[in-house]
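Visitor: Here is what each chain is made of, one letter per residue.
Number of protein chains: 2
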Amino acid sequence: MQRGSEPVDMRASRYHIATLKEAPADAEVVSHRLMLRAGMIKKLSAGIYTYMPMGLRVIRKVERIVREEMDRAGAIELTMPIVQPAELWQETGRFAKMGPELLRIKDRHERDFVIQPTSEEVVTDIARQELKSYKQLPKNFYQIQTKFRDERRPRFGLMRGREFIMKDAYSFDRDAEGAKRSYQIMAQAYRRIFDRFGLRYRAVAADSGAIGGDLSEEFQVIAATGEDAIVYCPTSDYAANLEKAEALPPAGPRPAPAQPMVKTPTPGRSTCAQVAELLGVPLARTVKSIVLATDELGERDEIAATRIWLLLLRGDHDMNEVKVGKLPGLERGWRFATEAEIVEHFGCRPGYLGPVGTRKAVTVVADREVAVMADWICGANEADFHLTGVNWGRDLPEPDLVADIRNVVAGDPSPDGKGVLAIERGIEVGHVFYLGTKYSRAMNATFLDEDGKPKPFEMGCYGIGITRLPAAAIEQNHDERGIIWPDAIAPFTVVICPIGYDRSEAVRDAAERLYAELLGAGVDVILDDRGERPGVMFADWELIGVPHRLTVGDKGLKEGVVEYQHRRDGAPTPVPLAEAASWVRARLQV
Amino acid sequence: MQRGSEPVDMRASRYHIATLKEAPADAEVVSHRLMLRAGMIKKLSAGIYTYMPMGLRVIRKVERIVREEMDRAGAIELTMPIVQPAELWQETGRFAKMGPELLRIKDRHERDFVIQPTSEEVVTDIARQELKSYKQLPKNFYQIQTKFRDERRPRFGLMRGREFIMKDAYSFDRDAEGAKRSYQIMAQAYRRIFDRFGLRYRAVAADSGAIGGDLSEEFQVIAATGEDAIVYCPTSDYAANLEKAEALPPAGPRPAPAQPMVKTPTPGRSTCAQVAELLGVPLARTVKSIVLATDELGERDEIAATRIWLLLLRGDHDMNEVKVGKLPGLERGWRFATEAEIVEHFGCRPGYLGPVGTRKAVTVVADREVAVMADWICGANEADFHLTGVNWGRDLPEPDLVADIRNVVAGDPSPDGKGVLAIERGIEVGHVFYLGTKYSRAMNATFLDEDGKPKPFEMGCYGIGITRLPAAAIEQNHDERGIIWPDAIAPFTVVICPIGYDRSEAVRDAAERLYAELLGAGVDVILDDRGERPGVMFADWELIGVPHRLTVGDKGLKEGVVEYQHRRDGAPTPVPLAEAASWVRARLQV
Chain A
1 MQRGSEPVDM RASRYHIATL KEAPADAEVV SHRLMLRAGM IKKLSAGIYT YMPMGLRVIR
61 KVERIVREEM DRAGAIELTM PIVQPAELWQ ETGRFAKMGP ELLRIKDRHE RDFVIQPTSE
121 EVVTDIARQE LKSYKQLPKN FYQIQTKFRD ERRPRFGLMR GREFIMKDAY SFDRDAEGAK
181 RSYQIMAQAY RRIFDRFGLR YRAVAADSGA IGGDLSEEFQ VIAATGEDAI VYCPTSDYAA
241 NLEKAEALPP AGPRPAPAQP MVKTPTPGRS TCAQVAELLG VPLARTVKSI VLATDELGER
301 DEIAATRIWL LLLRGDHDMN EVKVGKLPGL ERGWRFATEA EIVEHFGCRP GYLGPVGTRK
361 AVTVVADREV AVMADWICGA NEADFHLTGV NWGRDLPEPD LVADIRNVVA GDPSPDGKGV
421 LAIERGIEVG HVFYLGTKYS RAMNATFLDE DGKPKPFEMG CYGIGITRLP AAAIEQNHDE
481 RGIIWPDAIA PFTVVICPIG YDRSEAVRDA AERLYAELLG AGVDVILDDR GERPGVMFAD
541 WELIGVPHRL TVGDKGLKEG VVEYQHRRDG APTPVPLAEA ASWVRARLQV
Chain B
591 MQRGSEPVDM RASRYHIATL KEAPADAEVV SHRLMLRAGM IKKLSAGIYT YMPMGLRVIR
651 KVERIVREEM DRAGAIELTM PIVQPAELWQ ETGRFAKMGP ELLRIKDRHE RDFVIQPTSE
711 EVVTDIARQE LKSYKQLPKN FYQIQTKFRD ERRPRFGLMR GREFIMKDAY SFDRDAEGAK
771 RSYQIMAQAY RRIFDRFGLR YRAVAADSGA IGGDLSEEFQ VIAATGEDAI VYCPTSDYAA
831 NLEKAEALPP AGPRPAPAQP MVKTPTPGRS TCAQVAELLG VPLARTVKSI VLATDELGER
891 DEIAATRIWL LLLRGDHDMN EVKVGKLPGL ERGWRFATEA EIVEHFGCRP GYLGPVGTRK
951 AVTVVADREV AVMADWICGA NEADFHLTGV NWGRDLPEPD LVADIRNVVA GDPSPDGKGV
1011 LAIERGIEVG HVFYLGTKYS RAMNATFLDE DGKPKPFEMG CYGIGITRLP AAAIEQNHDE
1071 RGIIWPDAIA PFTVVICPIG YDRSEAVRDA AERLYAELLG AGVDVILDDR GERPGVMFAD
1131 WELIGVPHRL TVGDKGLKEG VVEYQHRRDG APTPVPLAEA ASWVRARLQV
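For the record, the sequence lines run as chains A and B.
Using the numbering used here, read the first sequence as starting at 1 and increasing by one per residue.
Using the numbering used here, read the second sequence as starting at 591 and increasing by one per residue.
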């Protein structure tokens, strides 16, 4: 038996319970409002919060679950410094490349440092010093550590703070195959972690950037208020984020032209929606024009040439910038064209642009959907005029490029061919990512392989937003009275509410006995011994969101019962006092 | 049963064990060298270390003990931000007053922030917002959090780093009496904490600065290499640090003069030791002169007047600056006099100074010991000359002030009158301190007392150097082979060393069974399955300092035994294989 492992006496009178009737006006989202009102966090500065006792209990439970599953998956915990020397960040170029969200500081000797937003550089530096041989691989190092990102506009409390806690893990492997195995081990560990949190979530395929392949997944907690759109197929296990989800080529062929091309006056109608309304046609008959530019740099980094691109999307579709950024010719960066460039190439200002009869040559990229349209409507490159009945081949050449450049919409066919797509909203709280050799090559981090030759590590990185998770949990689980925590991450699992603790000896005795019994059984229980009126007491615990409540009152005790109520229950259930402890324990999910 | 509470499989082959034969040359102290060699820490920048897996395990055990005892003592954990806005630090004046060890930074909006070295300002800000009524008191908030102090000369590894982890607690009370109670609760909790660490330590009275009283104690881990001198009485429970320990007034009266005062040539002898040697007398017969100055400032902060002080100490005694700083007239700050000031007042350069016949008036402060001396020796205020046979009253006036201004030495009487003092060395790893209303008044942090009037909080602060403690433990517990951890904070409590794990099935089977048995019993055990040669394997674990080792070899197995060896044992003890697990468990102290 380890000393110190006895349960800690938890009485509301000695703990710090500080609920608020109102949240400050600048708290825009429900999780922010409820965490402030429940006394879980306290603002110190924009995006910088103290984790108050009640909130820290939640964070610690999140940490513990993450730590246990990372350990179980064979990852090894260490702690890298918060203040990191700029030299390492210069090796990868991130010191210069990252924007002001990277907080740069100088020490007393005017040496440059950063406050870590992540630790790729430091962990790669450790690996190149410590992992000399293939025999030491694979290795996965993780930390649960404070991070700082100097957001331009921190908001939503812990959802988008500047100072936050993240679990970041980094795997090191001999080869891509090993790295993919390490990636899968982490992806599985993440599923166990999110299962244990007791939240509804989806692991969705995410864009893996320049590396390609499918080795990037986001773990999204489902919430109507989420910032991210999640695409999934209800009849299969397909799930991806909006950036990633592919819009399949339309099934049918392009219909034959049925209408002549006609220049139609559309005075003051500069958007597809306005034009469709004026002409009385569905929005899906219109085509929107988006003009991009790419610059070729000369020897002295001056702009040597600029190419103008015309992207065509159906009027009811949105451009997907990630997909656009992967088109041949656009992979190295693009920008929206300036108005001067547009006028120069189209002879017209934005609002009435189209691919027919441009003044100068532009590269035309048609979305897959647009490429099979007939008799469509687009701008006439003349202010206040559109063209109707436009047809590929007849009125203009076939597009230079046909590609998937739009966001999918609900009802689109699922890329796996097993149904149609639905969209819901989520909050990203985890990400697993195959990095390849991006950092190891930049930092010359190699090991000696079996053949005696140095090779760069194949890496992966794996993050969980420890302090963001409670906020996401609340966005998913709350009602008008407050938070509803899943058992696993509740600040307390059970609260005992005696009515008249300060007046009735019978109530006090029964409550104390029940409390001692649950505490002794290892249940995370708090006894509200403050002697507050029932209304105030219940409102506090409903706001704080403790999932299980036992109410002890004189009235019930006369009949030998106490009342059990789950935070989601509409009404209490009477339970015999003698069975109350085991009754509650049977209802706990942890 | 909680999910995830199963023990984690710990095999050396999958863990990260990275011992070094040699430590870098800049590692000056044994704990720094051994932590680097054992792979517990890794330097990232001066005074900034990664806590490597093996070291982090120790730190986590230290944290857990501290957290359990703080919780048990009723302190409430929260986490305050690392990046703190300057405004709060300006309220107490510390933003301007603290030197460059306070790391100041600007965010993207050019607003001033600091990286917390401690959190008095933030916690007092929380208290003034959250603790409105005397009914909410007492409260004690603590955190275990990363701190930063931009030391000019960081060194000794975790002993004096720039980034480090500290447990800092802050108590809030209605009145001084309550604050003293909170202080005592913390002092007791600290004793439990340090008892559990399994280290030899002393709680010593420390100077409490301007507040007075005895409400400041340091917790010192005893180590010959410690920076601090600890004064204690072997026959009583008196213990204090050197700054604080009082030198009692000498018991006997001043003897009558026996010698005439004589001006004696002491060419080139400018120190007491040289003079005593030349004259063939004990050093204790000489008196050293130390000249201080205090400046009185005028209305525009210009120096309006300067007063010169002559401090007289026995030649074999050292000045105690803390005691000097409390003398009337010196409490508001003093400095050593410049050579010009000395020449102006004494007519002589340093080396031959004394209180007899100064050129200008100086305030003479005699140490208690000097005040009862007769026939003493001091400088003649003339180069190359000293006076012998000097006597108070006869040769010069009685001193303006007699006071305790020296460090005690071994053999001095104990201030509690119960024996004589001894001195040993220690490393400060904890401090409990009664703050009074210093911060609450500066920040106008008040609560409404029972009488309806606002009163400032009475505060205390309580620190433990979480990352310094492992270093102190090593300074106390090591030998030529490496570290010797106490059970409570060892990275692993037990290591199983199979000889020929990769060759012998019998060894592998026995080792695996023993491992599974200990793991199942909740013992913190690691199995060295690397298949290293015994010499390498033993050297690794002796360097790392795991206290209990079980060696499994073919030779022993033939007789049904394995070998147990404590890290301090000179030789192994054979133990029957079947009893080995319970045999080890009986020897564990945790």
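Just so you know, the hints here were simulated from the structure itself, not pulled from any lab data.
A portion of the hints provided could be inaccurate.
Pair ranges (Cβ atoms, derived) [claimed, not checked]:
#1 B:1169 <-> A:513: 38 to 46 Å
#2 B:1162 <-> A:101: 56 to 64 Å
#3 A:101 <-> B:890: 40 to 48 Å
Examples of chain A residues lying across from chain B (beta carbon under 7 Å, computed) [as the list claims (entries may be wrong)]:
#4 50
#5 83
#6 108
#7 281
Glycine residues also receive a C-beta, built at the ideal position from the N, C-alpha and C atoms.
Visitor: Now tell me if each hint is right for this structure.
Guide: Quick rundown of the hints versus the structure:
no., hint, in the structure
1, B:1169 <-> A:513: 38 to 46 Å, "holds, 42 Å"
2, B:1162 <-> A:101: 56 to 64 Å, "holds, 57 Å"
3, A:101 <-> B:890: 40 to 48 Å, "holds, 46 Å"
4, 50, "holds, 5 Å"
5, 83, "holds, 6 Å"
6, 108, "holds, 4 Å"
7, 281, "violated, 48 Å"
The structure shown violates just one earlier hint, number 7.
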